[in-house]
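Protein chains: 2
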Amino acid sequence: MLWAPTGPAARRPLVLLGHGGSQHKTHPGIVDLASRFVGNHGFAAAAIDGPIHGARRAGALSGPAMQAEFLAMWKEDPRIDAMVADWQAAIAALLDLDAFDASAIGWYGISMGTAYGLPLAAADARINVALLGMWGADFANSERLAHDAPRVRCPVLFQQKWNDQLFTREGQFDLFDRLGSEEKWLKVYPGPHAPVAGEQLRDIEDFLARRLRSIAATSRVTV
Amino acid sequence: MLWAPTGPAARRPLVLLGHGGSQHKTHPGIVDLASRFVGNHGFAAAAIDGPIHGARRAGALSGPAMQAEFLAMWKEDPRIDAMVADWQAAIAALLDLDAFDASAIGWYGISMGTAYGLPLAAADARINVALLGMWGADFANSERLAHDAPRVRCPVLFQQKWNDQLFTREGQFDLFDRLGSEEKWLKVYPGPHAPVAGEQLRDIEDFLARRLRSIAATSRVTV
Numbered sequence: 008m009l010w011a012p013t014g015p016a017a018r019r020p021l022v023l024l025g026h027g028g029s030q031h032k033t034h035p036g037i038v039d040l041a042s043r044f045v046g047n048h049g050f051a052a053a054a055i056d057g058p059i060h061g062a063r064r065a066g067a068l069s070g071p072a073m074q075a076e077f078l079a080m081w082k083e084d085p086r087i088d089a090m091v092a093d094w095q096a097a098i099a100a101l102l103d104l105d106a107f108d109a110s111a112i113g114w115y116g117i118s119m120g121t122a123y124g125l126p127l128a129a130a131d132a133r134i135n136v137a138l139l140g141m142w143g144a145d146f147a148n149s150e151r152l153a154h155d156a157p158r159v160r161c162p163v164l165f166q167q168k169w170n171d172q173l174f175t176r177e178g179q180f181d182l183f184d185r186l187g188s189e190e191k192w193l194k195v196y197p198g199p200h201a202p203v204a205g206e207q208l209r210d211i212e213d214f215l216a217r218r219l220r221s222i223a224a225t226s227r228v229t230v
Numbered sequence: 008m009l010w011a012p013t014g015p016a017a018r019r020p021l022v023l024l025g026h027g028g029s030q031h032k033t034h035p036g037i038v039d040l041a042s043r044f045v046g047n048h049g050f051a052a053a054a055i056d057g058p059i060h061g062a063r064r065a066g067a068l069s070g071p072a073m074q075a076e077f078l079a080m081w082k083e084d085p086r087i088d089a090m091v092a093d094w095q096a097a098i099a100a101l102l103d104l105d106a107f108d109a110s111a112i113g114w115y116g117i118s119m120g121t122a123y124g125l126p127l128a129a130a131d132a133r134i135n136v137a138l139l140g141m142w143g144a145d146f147a148n149s150e151r152l153a154h155d156a157p158r159v160r161c162p163v164l165f166q167q168k169w170n171d172q173l174f175t176r177e178g179q180f181d182l183f184d185r186l187g188s189e190e191k192w193l194k195v196y197p198g199p200h201a202p203v204a205g206e207q208l209r210d211i212e213d214f215l216a217r218r219l220r221s222i223a224a225t226s227r228v229t230v
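Chains as they are written, first to last, in the numbering used here: chain R, 8 to 230; chain V, 8 to 230.
By construction, these hints were calculated from the structure, which means they are not laboratory data.
Heads up, some of the hints might be wrong.
[Said to hold, decoys possible] Distance condition first, Cα-Cα at most 25 Å in a straight line; then the derived SDA-like pairs of lysine to any residue:
#1 K194(V) - G14(R)
#2 K194(V) - W169(R)
#3 K194(R) - W10(V)
#4 K194(R) - L208(V)
#5 K194(R) - P157(V)
#6 K194(R) - G178(V)
#7 K194(V) - P199(R)
#8 K194(V) - S221(R)
Computed from a prediction, not measured in an experiment: that's the story for all the values here.
Same shape as in the complex, but just chain R:
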């Protein structure tokens, strides 16, 4: 899925949206974020389905049943390399459109969006800024995230829920601590794992928009 403003072509900042477990590329929360980046900031946004989610499965499944199926899959085989490769193919296809500022690519992805987004940001320096969080280094099959975190070098805002029932406080602090980024911030919000709303939602839009605008302004000056 690709969302972009209508009107004259321009090299716009691009936000990649990694949805959470049980969601999919056109989940209302993803469409809401895409609309904010396009409508409020003139950016483009793109999303692909996570493994066994959305159009990657035969029948539709959502909510707790889909989340349980994802967690069972994750614990058997997290499929990180395949998902990183899919995102890298998506980035290449998007940049081939010649419509985006290749120096202003942001990642949004918390929870499952971090499980795949952190290894992607570690592997692909085209990601210039990342909104991560709500996943811990001590979670099942997360050694790969702990290992990849020091290779993430772009600015990161890491979001954490203070009473997350899925991920421990310590595991999230640990994952944040391991990030190699010189500029990194951790923000804790009250409440359980879901929902993402209020100040947290505001920060997602505000952080990525401010950072991408600033990068885009710099790249226009120096190119």
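Dock chain V against chain R, hints included.
Relative to the frame of chain R, chain V by itself:
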């Protein structure tokens, strides 16, 4: 010290500025914040000296020597009740001027500004929103802060430095955890205890300005 916009009288939001150890009520960092709230937002701001700081002492002393003198004083007698009483007298005197929105009073104070500001916010419900942080429940003579924290009920943004050399990560998490506020957020910034700059400084202005504007708008509607 009182800073306020020139021009017609209005019931403005008021930000109380609690300076850090070794600083004083007209320290450049305090004047900078006051200027932001007055100049960028049309609020008023006020500051008084902390114990043994500024005009409360005979000779001027600043930097590490003043900080060491404060920490020695704190470990002998933290003087919390006296400082809370002074701030409450200051608030009463300020409200007597009939120039501020008494329902939109914010507190700024990190480090020593939290050592006194947290007990003040716990004791005085006139404080509607607070920016706290950079102090821990496990620091010397901080049982009083741990005890008072659950009585703080206003929205709080708690700031913490990831490599603070004075306060432990765990002690700061613990103090944040104890806050009684339904709306509370913790944000971690890279670096040591000082300086306060960049994203942290931006967040201080942004958080207090947004919250006070929102409270002031509501109080205008309902009064």
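query = Has the given pair, K194(R) with W10(V), been kept, meaning a C-alpha gap of at most 25 Å?
reply = violated, 31 Å
inquiry  = Would the hint linking K194(V) and P199(R) be met if the CA-CA limit is 25 Å?
reply    = holds, 17 Å
request  = Compare the distance between the alpha carbons of K194(R) and L208(V) with 25 Å, and conclude whether the hinted pair is satisfied.
outcome  = Answer holds: K194(R) to L208(V) is near 15 Å, not above 25 Å.
request  = Verify the proposed pairing of K194(R) with G178(V), using a straight-line Cα cut of 25 Å.
outcome  = holds, 17 Å
key: 25 Å Cα cutoff - pair K194(V), S221(R)   = The hint holds at about 22 Å.
ask   = Taking only the CA atoms, is the gap from K194(V) to G14(R) under or equal to 25 Å?
value = With Cα atoms ~38 Å apart, K194(V) and G14(R) exceed 25 Å; violated.
ask   = Going straight from one Cα to the other, do K194(V) and W169(R) come out at no more than 25 Å?
value = holds, 12 Å
request  = Mind checking the alpha carbons of K194(R) and P157(V) for me, to see if they're no more than 25 Å apart?
outcome  = With Cα atoms ~21 Å apart, K194(R) and P157(V) stay inside 25 Å; holds.
Violated hints for the displayed structure, listed by number in ascending order: 1, 3.
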